[in-house]
Amino acid sequence: MKKKYLFFTITVVILIFLFFKFNSFFTNNETTSNYYAQAIEVDGGYGYEVRKKISSKIYIKQEYIPSLNKKLVFCTKEDALKIGELVVDKLNNHINPAVSKEELKEQQIALTCK
Numbered sequence: 001m002k003k004k005y006l007f008f009t010i011t012v013v014i015l016i017f018l019f020f021k022f023n024s025f026f027t028n029n030e031t032t033s034n035y036y037a038q039a040i041e042v043d044g045g046y047g048y049e050v051r052k053k054i055s056s057k058i059y060i061k062q063e064y065i066p067s068l069n070k071k072l073v074f075c076t077k078e079d080a081l082k083i084g085e086l087v088v089d090k091l092n093n094h095i096n097p098a099v100s101k102e103e104l105k106e107q108q109i110a111l112t113c114k
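Residue numbers (the UniProt record's numbering): 1 to 114.
In short, the hints are calculated from the structure, not lab data.
Be a bit skeptical, because a hint or two may be false.
Claimed, not checked - Capping the alpha-carbon separation at 20 angstroms, the derived lysine to aspartate or glutamate pairs in DMTMM-like fashion look like this:
{"id": "1", "residue 1": "Lys90", "residue 2": "Asp43"}
{"id": "2", "residue 1": "Lys53", "residue 2": "Asp43"}
{"id": "3", "residue 1": "Lys90", "residue 2": "Glu63"}
{"id": "4", "residue 1": "Lys57", "residue 2": "Asp89"}
{"id": "5", "residue 1": "Lys114", "residue 2": "Glu41"}
{"id": "6", "residue 1": "Lys61", "residue 2": "Glu103"}
{"id": "7", "residue 1": "Lys3", "residue 2": "Glu49"}
{"id": "8", "residue 1": "Lys114", "residue 2": "Glu49"}
{"id": "9", "residue 1": "Lys71", "residue 2": "Asp89"}
{"id": "10", "residue 1": "Lys77", "residue 2": "Glu49"}
{"id": "11", "residue 1": "Lys105", "residue 2": "Asp43"}
{"id": "12", "residue 1": "Lys53", "residue 2": "Asp89"}
{"id": "13", "residue 1": "Lys70", "residue 2": "Asp89"}
{"id": "14", "residue 1": "Lys114", "residue 2": "Asp89"}
{"id": "15", "residue 1": "Lys90", "residue 2": "Glu102"}
{"id": "16", "residue 1": "Lys52", "residue 2": "Asp89"}
{"id": "17", "residue 1": "Lys70", "residue 2": "Glu103"}
Just so it is clear, the structure is predicted and the values come from calculations on it, not from any experiment.
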């Protein structure tokens, strides 16, 4: 009888452990973010850096608006951060961090500075 109780208890503990282990793996939220974005000043405007949270090392440095044939800077700090945060979201969801022209339009990024 004691062996059955011990076996049952160990099995339940293992199942609970596995549940929490896999639940945290499949649940992606802000607390599991490994990256953050910050705006940087560049000649005539802004760019962004994506850094690793733990080490603060630069993972991506983007001085120009991505996906364009020209080297244009972001006009505002806010625009740079919008795209930087989009890239962070993609990285956290294991998606290619490339930004398309359509995404620039969706985020209403200004391509000409006033």
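Keeping to a limit of 20 angstroms between CA atoms, is the pair of Lys53 and Asp43 held or broken? Since the Cα atoms of Lys53 and Asp43 sit roughly 26 angstroms apart, the hinted pair is violated (cutoff 20 angstroms).
Check the hint pairing Lys90 with Glu63 against an upper bound of 20 angstroms on the C-alpha distance. Holds: Lys90 and Glu63 sit about 19 angstroms apart, inside 20 angstroms.
Straight-line alpha-carbon gap Lys71 to Asp89, limit 20 angstroms: Violated. Lys71 to Asp89 sits at ~24 angstroms, over the 20 angstroms cutoff.
Measure nothing beyond the straight line between the CA atoms of Lys114 and Glu49; if it is 20 angstroms or shorter, mark the hint as holding. 24 angstroms, violated
Holds or violated: Lys114 to Glu41, with C-alpha atoms at most 20 angstroms apart: 17 angstroms, holds
Take the C-alpha atoms of Lys70 and Glu103, compute the straight-line distance between them, and say whether it is at most 20 angstroms. OK: Lys70 and Glu103 at ~17 angstroms, within 20 angstroms.
Hint check: Lys90 vs Asp43, CA-CA at most 20 angstroms. Holds or violated? 27 angstroms, violated
Going straight from one Cα to the other, do Lys57 and Asp89 come out at no more than 20 angstroms? 18 angstroms, holds
For Lys70 and Asp89, compute the direct alpha-carbon distance and say whether it is at most 20 angstroms. 25 angstroms, violated
Check the hint pairing Lys53 with Asp89 against an upper bound of 20 angstroms on the C-alpha distance. Measuring from Cα to Cα gives roughly 14 angstroms; hence the hint holds.
Need the status of pair Lys52, Asp89: alpha-carbon distance at most 20 angstroms? 13 angstroms, holds
For the pair supplied as a hint, Lys61 and Glu103, is the alpha-carbon distance within the 20 angstroms limit? Since the Cα atoms of Lys61 and Glu103 sit roughly 19 angstroms apart, the hinted pair holds (cutoff 20 angstroms).
Hints 1, 2, 7, 8, 9, 11, 13 and 14 from the list above are not met by this structure, while the remaining hints are.
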